[in-house]
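Undergrad: Using the hints, build the complex out of the two chains.
Chains as they are written, first to last, in this note's numbering: chain L, 67 to 245; chain R, 155 to 389.
Hint data in this document are derived by calculation from the structure and do not stem from the laboratory. It is possible that part of the hints are untrue.
[To be verified] Simulated coverage check for chain L against chain R, where a stretch passes if three residues somewhere in it have a Cβ under 8 Å from a Cβ of chain R:
id, region
1, 93-106
2, 116-122
3, 179-191
4, 203-214
Even for Gly, the Cβ is constructed at its ideal location relative to N, Cα and C.
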Amino acid sequence: MAHLLVSPRNGAELTRWGRFEEAIASYQSELHAFAYRILGGRSEAEDALQTAYLKAFRAAADDQVRLTRPWLYRVVYRCCIDELRRLKRHNHDVLENAAAGVTDDEATRELSRALSHAFLQLPAPTRAAVLLVDVHGFSYAEAAAALDVPRGTIASRLNHGRDALRVALTDDVTDWRAR
Amino acid sequence: MTDLHEHRDAELGRMIETISVPPLSADFFTRTAQAASADSPPAASRLRRARPIWRLVAAAAAIAAAAALAGGFVGASLTHAPARAGASQASVMGFLPASGWNSVVAPLPSKLKANNQVTWASDVPFQGDDLASGWPNATVKLLPPDGVVIFASLAHISSPGGFTERSAPLKLADGNFFSSHFDGQPAPNVSLQLIEAHINGQYVLIQVWFGRLEPSDEQKRKADAELARLQIPVQ
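Bound conformation, chain R alone (with noise of 0.2 Å):
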């Protein structure tokens, strides 16, 4: 396409390739790969302006997405259940079954499976194709007001991080409240509590969703019942 009228200045090409390049940041593809998938994308500028609650939201969706990738849920409860509530002698993070919860444990690929784990539980029946998509979506969006939704997902990690070191089994209390008009909020009636932590060399991120923006002392209850009942296994 070069014609003799052309001329390609090199020399200043180079000298312009020394102003530096920062990085992208690490979570770019992250949100970026959430915003194509959104039914009615963000703009960038919602995107940029996202507390970190939509950070942490989107960590755990990426888990539960290669979850999917790996060929959907396993259903219905556990099939590593300790012998005592909450203490860690599973190999697998998941829900201990109780009467009126439905529980799933994600298979992860390979390349996750040594490092993360993904478990998500719910009072209410499991909607649309959540079971097949890997991330309770459509439970979470069509919650009713006395429903929970309990997602937890769990990363070993070398170090710390400046996350609180606390022990199984985990409360609300131990999390921070998000009643409404938070990014990735995915109904206006549904609230969130969430909680991080360390345990144990793994970091684990739990989201408790509520059906109602103030949940009532009974949800409240169930929840830190079925917190209890949380696997969370010693690495």
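The shape of chain L in the complex, shown without the other chains (with noise of 0.2 Å):
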């Protein structure tokens, strides 16, 4: 990775620091996409990202676990719930901040657009679910390890999300999706 690291008090923290970075490298895009997609905003994905990150740096310092991709996305998710929580105390709405799409195609920008404002009108966990199945890849069973609930709780969540937002992008949608 291309940035410094910085300021450690010595260099067997620089080390460790240095073994974690190296270890989440592979996933540390789709889990910034994850969370930014759960908070909606990108200094708040940031924020959640860096406290979720500083939480697995210890916990892997201390052998207490292995950094797995889905235990990985598990902290990050639970940063994301704290995050919105404590946005809630300040009343402060992330939810708007969410960009569209990057392609220049107007339809689908606009797709896009109306796409973002559906999702983040979801519930967080409802989001969390869909993203998880839907975007990353993940089955039921490990959806469910990650965001610690039933595997029935994943599959209620994810119909509600799906259907959620078929209603509200169907006109939107029959365009650009054969259904």
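TA: What follows is the structure, encoded as structure tokens:
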């Protein structure tokens, strides 16, 4: 990774952090996307991700855990929920910040905007279930483990989330998605 | 793990992926690594509120830390002392030897060496494992009231980037003073003069740490005298 490792108290600390970064490098991008799509704001996602990485780093340094993909998602998800609670306490509505699509195609961009809006209206646990299964390819059992809920809860949240998105997007989606 | 009752709506997943994700801030990992290495890691909220000074301190620390990785500092004064103080015949940034001051030049890893240099000086003995760690953390933290530590880093940059164009030698008056309650303050009694400048195509960051919140005139005079002995190479 291109960034520098900074200000360790000693070389051992630096080495531990370097090892940690290497361990999460292949998941970093998807964890960031996951946090951003849960929270809908850039700085909020970074705050949650930073807290999650610090927790993961300390847990790994103490040999408490193996840095597996599902476990990392679990930590990031919990930190996102904490961040949402903090924002709610301060009456800060971050969900308006979500960015729309990257494509130059106007129709797709419009759809992306509508989807972004609809998606962020879902409860965070529902968003997380949809993200894990439909975007990140988790099985129901893996998603259940990551979110610390029964498998049936994942199925229920998926049903709810997908239905809500279909209803919200029916008009827009019809043109884009053959159903 | 997938069973017959599971269904992945890949189309919906692709649609959700059109919600673009902005890149992480350039200093995200710098801040996170800084927090990870702290004795009592600051909460994320503190880092979020951090004023620019925190980032500057962290940026300088980044280079110093990399120096530590390269194998530690070369102790006590320069081997490339130029003929004229502050006048930049040197190829390496560092302080000219002076009575009552200790100084070090950091060898950097090859990846950084081409574009970065680090040096620091202190009028008190170096503390702890600072020479090995590459950052005068303990020396600054334990700075006695009359003590002064000067940390300087240099980076070659392609454009001035809004920094004031200056010429050597730099002086305390070229920077800004932080007396207390600033992010990155190493100890309650320690204040900081922060100097940023663009000199001959190089970004120079200098941190002058004082052992008291209101530095005495004598401390300021000593600091300015040492700054005048700082050699900043011509690119």
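Undergrad: Would you mind marking each hint as holding or not holding in the structure?
TA: Evaluated hints:
1. 93-106: holds (count 4)
2. 116-122: Result for this restraint: holds, n = 4.
3. 179-191: holds (count 3)
4. 203-214: holds (count 5)
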